[in-house]
Amino acid sequence: MSSTGANSGPFTFAVADFNLDGVPDIVTANFKSSTVSVLLGVGDGTFAPPVSGGETGALSYGVVAADFNGDGKPDFAICNAGQNDVKVKLNTSH
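Quick note: my numbering has the sequence shown finishing at residue 104, numbered continuously throughout.
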């Protein structure tokens with residue numbers, strides 16, 4: 011079991027290799043805290059403590075991972091029920 015942080019309220023998640031190490035990672039849309047958490051895979055089925063993906067907007071509800079800018083790295087997009095919008099976070103891993 012892995013935590014997404016106190017009072018975060020994860021609602022949905024997506025899986026991709028965000029840090030490009032060949033191990034699946036998880037990103038969660040956190041409804042209560044209006045943030046996203048990225049949990050980097052360790053490689054043995056467990057995950058490191060969450061890394062903040064930053065604030066996303068009011069009431070983060072859903073998340074999807076895809077390569078939105080065509081650079082070969084997975085990005086993620088979050089929809090926000092409180093603002094009726096979608097925010098895209100581009101992957102800046104090297």
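Just so you know, these hints were derived from the structure itself, not from any lab.
Just so we're clear, the structure is a prediction, and the values are computed from it rather than from any experiment.
Please note: incorrect hints may appear among the correct ones.
Unchecked claim - Straight line, CA to CA, 25 angstroms or less: simulated SDA-like cross-link-like pairs of lysine to any residue:
hint, residue 1, residue 2
1, K97, S43
2, K42, D81
3, K42, H104
4, K42, G15
5, K83, K97
6, K42, K99
7, K83, K42
Status of the hints after comparison with the structure:
no. : hint       : in the structure
1   : K97 x S43  : holds, 15 angstroms
2   : K42 x D81  : violated, 32 angstroms
3   : K42 x H104 : violated, 31 angstroms
4   : K42 x G15  : holds, 11 angstroms
5   : K83 x K97  : holds, 17 angstroms
6   : K42 x K99  : holds, 19 angstroms
7   : K83 x K42  : violated, 28 angstroms
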